[in-house]
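A.B. asks: Take a look at the letters that make up each chain.
2 protein chains.
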Amino acid sequence: MEPVNRIEAALETAFARIETPSGPPKLAAAMRHAVFGAGQRIRPRLCLAVAMACGDDMPAVTDSAAAAVEVLHCASLVHDDMPCFDNADVRRGKPTVHKVYGEPLAVLTGDALIVLAFQTLARGVAMAPERMGRLVDVVAAAIGAPAGLCAGQAWESEPDVDLAEYHRAKTGVLFAAATEAGGAAAGHADPAAWRILGARLGEGYQVADDLRDVAADPERLGKPRGQDAALGRPNAVAALGVEGAIARLKGLVQEAVESIPQCPGRDALQAHILEETRRFVPKELARQAA
Amino acid sequence: MEPVNRIEAALETAFARIETPSGPPKLAAAMRHAVFGAGQRIRPRLCLAVAMACGDDMPAVTDSAAAAVEVLHCASLVHDDMPCFDNADVRRGKPTVHKVYGEPLAVLTGDALIVLAFQTLARGVAMAPERMGRLVDVVAAAIGAPAGLCAGQAWESEPDVDLAEYHRAKTGVLFAAATEAGGAAAGHADPAAWRILGARLGEGYQVADDLRDVAADPERLGKPRGQDAALGRPNAVAALGVEGAIARLKGLVQEAVESIPQCPGRDALQAHILEETRRFVPKELARQAA
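Protein chains in written order, with my numbering: chain A, 2 to 291; chain B, 2 to 291.
Since the hints were derived computationally from the structure, they do not count as laboratory data. You can take every hint at face value.
Some, not all, of what chain B presents toward chain A, calculated at C-beta under 10 Å: (1) 24; (2) 32; (3) 103; (4) 105; (5) 106; (6) 110; (7) 118; (8) 120; (9) 129; (10) 130; (11) 135; (12) 136; (13) 146; (14) 148; (15) 150; (16) 157.
Beta-carbon label-pair distances, calculated as ranges: (17) B:259 x A:191: 45 to 55 Å; (18) A:6 x B:5: 48 to 58 Å; (19) A:22 x B:280: 31 to 41 Å; (20) B:267 x A:100: 46 to 56 Å; (21) A:93 x B:163: 35 to 45 Å; (22) B:272 x A:5: 54 to 64 Å; (23) A:22 x B:259: 27 to 37 Å.
Chain B side only, calculated, beta carbon under 8 Å to chain A, not exhaustive: (24) 19; (25) 80; (26) 86; (27) 109; (28) 112; (29) 117; (30) 124; (31) 131; (32) 134; (33) 138; (34) 156; (35) 158; (36) 159.
All figures in this text were calculated on a predicted structure; none of them were measured in a lab. All residues carry an ideal CB built from backbone N, CA and C; glycine is no exception.
The following block holds chain A by itself, in its conformation from the complex:
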């Protein structure tokens, strides 16, 4: 099965358990709205790619890890889009969850998605309980306190901090968890060695996002352009210029590729990463980046 189909199948498996006639229909619909659609599945693809490079000896475990990472990412977007945070109306070209279902259901959707991520992990890893502790721990650390996505967002409520650093950290932490979880799911001897790959790619993705924010067609972007400047957020293009940001992105991808630990599929994974990261750059700038 193609990786992208495998991820959709894993997400559908996770959702099958919650979409029962006995549950509240709007909550299930809002959860589906948050997870299915135009998402690029970059984090779970990365998780899968690492697990496959390590041999992928238990595909059900890999699938559950990849699905958990994506579900947590989507949960964080639902809450981040709410009026008390970014107050975003549009995400991935669709109205945001609170715009369609209201604020109460947006809170509950994020909560229930966090829970679903751990449920998915627990069920997927039932056959390999010795891998579960590490997987739950990796995934939980990436979203909770003191250093996960929630913590990253919470820094915005602190006075006198360098928000630029925390914005970078917010993206990097889930990418690093995706690669570590891929290693852990496939039974790699040292899953933490995979974190640098994810961290560098996360940082690269953030630079690419900054490039898209200034350069991409708003329709393909799925949200208004120029939001970073409007919200006073740090932006690599503002700091380095377009060419400087593209050079930075290339450097990060190179560091990522070189960091890949020894494993049976190292060469193929390096080629895969170089191929995937080409998509990071918006079409409008692809010639400059080539």
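Keeping the supplied structure of chain A fixed, place chain B upon it in accordance with the hints.
C.D. replies: Using the frame of chain A, we list chain B on its own:
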């Protein structure tokens, strides 16, 4: 160690992992505000009591299960108190999290507490991975979709439903998870058999809460009196009268006690439950209930 001290110690152990100097201080403070203070710890006490009746052969596993159940309960209170739900200013005699820390941190506090619950489970069960799948599953089902606390709250966004039933279910589901988790943590052969005990006690607790809502001293109650009527919520006292509600409570406790599965500590647990549930009834009505 006394059960109540053991639970506080388990919660402190869970918090020690997130209260590091590197994390955002307000998030950590808000999480502590939500979990420590005047809580009665009824659910984790119940979890502990069941595990002890089953032999409590792995106390670290029991502790992590009890702490996880309480942390999830507190997470649900933080979000339920928010303006888009109950808009409550006071909880357990203290201002609610969003009143002290603002709405963004209230959302993040609930999220990070849900994550902390699973993190606590994962670390506590590291020595007994074969018990972890069941424990994560039990705890996740009690809070997520389609039938946990989030789902119970989501029914309020549906037209044409019998909210009374869902309000009852919301309380019952976490009590049932507390007893099942206690059995699972101690390696009982059939943890699901412990659910009836929790479900009946949860229902009894809800009746007792209704009694407190009309009868108790607001200062001891820790929140304004008469809120059910003000919010148009179903209330056992309105439906059955004070004496009828007390009789119903006694009936539920009796059913709970009789449902206790065979286990080494069955007699002691029955006595313990009868003793504990005496506290359910507000002091003002204790003579009537005797």
